[in-house]
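Under the UniProt record's numbering, read the sequence shown as residues 1 to 593, first letter to last.
Think of the hints as simulated: they come from the structure by calculation, not from any bench.
Treat each hint with caution, since some may be false.
[To be verified] What follows is a set of in silico ranges between Cβ atoms, one per label pair, in the way DEER data are often shown: (1) Gln-566 <-> Glu-218: 53 to 61 angstroms; (2) Glu-383 <-> Glu-471: 31 to 39 angstroms; (3) Asn-300 <-> Ile-363: 37 to 45 angstroms; (4) Asp-312 <-> Ile-363: 36 to 44 angstroms.
[As the list claims (entries may be wrong)] Within a straight-line C-alpha distance of at most 20 angstroms, the following computed DMTMM-like cross-link-like pairs (lysine to aspartate or glutamate) qualify: (5) Lys-529 <-> Glu-485; (6) Lys-80 <-> Asp-157; (7) Lys-529 <-> Asp-478; (8) Lys-136 <-> Glu-211; (9) Lys-512 <-> Asp-478; (10) Lys-215 <-> Glu-139; (11) Lys-526 <-> Glu-483; (12) Lys-34 <-> Asp-2; (13) Lys-147 <-> Asp-114; (14) Lys-529 <-> Glu-587; (15) Lys-140 <-> Glu-99; (16) Lys-573 <-> Glu-538; (17) Lys-573 <-> Asp-542; (18) Lys-476 <-> Asp-542; (19) Lys-526 <-> Asp-460; (20) Lys-524 <-> Glu-471; (21) Lys-103 <-> Asp-114; (22) Lys-377 <-> Asp-59; (23) Lys-234 <-> Asp-197; (24) Lys-258 <-> Glu-240; (25) Lys-177 <-> Glu-139; (26) Lys-136 <-> Glu-180; (27) Lys-524 <-> Glu-490; (28) Lys-524 <-> Asp-478; (29) Lys-34 <-> Asp-59; (30) Lys-529 <-> Glu-488.
Glycine included, C-beta positions come from ideal geometry on N, C-alpha and C.
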Amino acid sequence: MDTILAWLDNHIDADIKDFRPVSNMALQYAYETKDPNIIAVAHELLASWHAYNGFFPVDSTLYHSKKVVYNYRLGSDSIKVANALKSLSLDYINNSQNEEALKIIFQALRIFEDNNDQAGAAGVYKNLASLYAFSKDGEKTIEYANKAIAILENTEDYYTLSITYLYLIQGYTQLDKYDEALEAAKKCLDISKEIPDQMGIPLRAHSWSYETYIKMGEFDLAYEEAVIAWNIAKNAVGEERAAGYRSEIGNSLMLQGKVSDALPHLRASVDLIEAQETRTASLPYDLLAQCYEKLGQYQNALKYYKVVADIDKKNLVAQVANLKSESVIKYETDKKDQELILQQARLKQKTTVQMLMAAFLGILALSLFLLFSSFRKNKKTSEKLEIKNQENELLLKEIHHRVKNNLQTISSLLNLQSESIKDEAAYDAVQESKNRVASMALIHQKLYQGENLAAIEMKDYFETIGNAVKESFGEKVDNISLEIEMPELELDVDTAVPIGLITNELLTNALKYAYPDDLSGTIKIKMTKTTDNLIQLEISDDGVGMNNESENQGFGTLLVQLLTTQLGGTLEKKHYNGTSIILLFKEQEKSVA
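Start from the sequences, fold in the hints, and give me the full structure.
The structure is reproduced here in structure tokens:
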């Protein structure tokens, strides 16, 4: 038994075809010994193998790690239980089950504290730093990393100390504290000199420093860190196997605009994957596709974008297949677990009680299985509904986009028509029609560009449409300024369209009539909610005031009156130091996008 366990321990990096037969035999022999400690060690080695071989689902690692905790708890060594809980917490973190990780990790911490095991407690703090780094909580990451460091600096556990500084790099980078992050990287590198055989530590320190510099926008410094990481990898595994680290070099060069220089590095990274026939990671292909796209080599770019999609699909299919194959081991192991439990129960209970207990466990297992199946089915249904909602949202955005394009086409036609019109009145009429169409097109543009497909943010809309109307008058209104005085306010699309047309008409009238003879002045647009739940739109100028010509019953005036009636609102005009027109209307219920 010891020989088999030793072989497993020395072949954690073994391929599945070599490791699987020996691991199955080890589990069988371990359960035959009926020794919980030996069973725990066997599961511990299997958990380590699954964790090392990251292609397998994380729940396979979790399964064996839970068995380690269970069997050590049958014994009397609480420190072994605490270490098993600590390892299990890391597996939960890697599976994004942070709440479960927190429950487990604090159980381990209590045991270490009860036994006054400072080194064990430091390991827990290191795991907590890892958890919060994974969940991108920079402050918590730094807090627990520093707690671990305070203990570890008084020990010679340089490996755990250097790993903790790696998490400190992440924590400071997440908070945009780049100087502190780089200082943590420097300390990590200094400590790693005490453990020269652990090349992975300085490799990750330089690689994570590269990520820090990328976030800082210091792409030249990121390039230097990536080159150092590559050189470390070359010294450790040789230039050919280290080619995978050249993707970071290529990315940093591409971000500097040195796309041609980036290509050989990105190409080398992909060539290594192709040579090893290990298409499991899509990022190198994605970076290479981006590089080809920037170089204008669109056929090559499309080729590798297709590879990215193919890898992602194959990974998903393979993970499902591996999950199914893992169920065979779990089934056989569960049978042996049940036999061990029944043997222990026979010492304390009569045969009748044993049979009742077995029946109860069977019913419970069946209930849990049915509950789990129902949960999986509901989850799949929810995922399908989410995909459908996303498709509907995309379709609605496309509709708004096409409506905007059609309206812009109409506007362009009106613009072309106006170029051949000699009569000034006719020319103005066409220009005003073009502005009306543009105000509606802008509504649909804001809808498909924004997050909310049912409402428009009016302040930004007024600024855009106001500038567009001013530009249509050319240089003759350069001495007239436009001010938008209002908080951010959203309106339903059915309300925003008539409001946009009304604003277009009133703003056009003000620019045409309020400032004759190149007078300067200011036009203000205000929109607020009143205390009686009404919305007030006020468009005012400090010009010469309205006259008979500007108050005629032309098409624009009739359009404003019609749209006011459509909104169920009222229109009020004031003539004092210029002209002020106030529209009051009730806020409509927002339509469902």
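Self-check item: 20 angstroms limit on alpha-carbon distance, applied to hinted pair Lys-258 and Glu-240
Solution: Violated. Lys-258 to Glu-240 sits at ~24 angstroms, over the 20 angstroms cutoff.
Exercise. Compare the distance between the alpha carbons of Lys-526 and Glu-483 with 20 angstroms, and conclude whether the hinted pair is satisfied.
Key: holds (9 angstroms)
Self-check item: Pair hint outcome, Lys-529 versus Glu-485 [Cα-Cα no greater than 20 angstroms]
Solution: holds (13 angstroms)
Quiz prompt | Hint check for Ile-363 and Asn-300 - Cβ pair distance inside 37 to 45 angstroms | solution = 60 angstroms Cβ-Cβ, so the 37 to 45 angstroms window is violated.
Self-check item: 20 angstroms Cα cutoff - pair Lys-476, Asp-542
Solution: holds (17 angstroms)
Quiz item: Can the restraint linking Lys-136 and Glu-211 be considered satisfied, given a maximum Cα separation of 20 angstroms?
Solution: Within the cut-off at roughly 14 angstroms; holds.
Exercise. Could you grab the alpha-carbon distance between Lys-524 and Glu-490 and see if it respects the 20 angstroms cut-off?
Key: holds (19 angstroms)
Quiz prompt | Pairwise hint evaluation, Asp-542 against Lys-573, where the allowed Cα distance is 20 angstroms at most | solution = holds (14 angstroms)
Quiz item: Within 20 angstroms, alpha carbon to alpha carbon, are Lys-529 and Glu-587?
Solution: holds (9 angstroms)
Quiz prompt | Asp-312 versus Ile-363 beta-carbon gap, inside 36 to 44 angstroms or not | solution = Hint holds: Cβ distance 41 angstroms, inside 36 to 44 angstroms.
Quiz item: If you draw a straight line from the CA of Lys-140 to the CA of Glu-99, is it 20 angstroms or shorter?
Solution: Status holds; Cα separation ~15 angstroms.
Quiz item: When you check the alpha-carbon spacing of Lys-103 and Asp-114, does it fall within 20 angstroms?
Solution: With a Cα-Cα distance of about 17 angstroms, the restraint between Lys-103 and Asp-114 holds, given a limit of 20 angstroms.
Checked against the numbered hints listed earlier, the structure breaks hints 2, 3, 7, 24 and 29; every other hint is satisfied.
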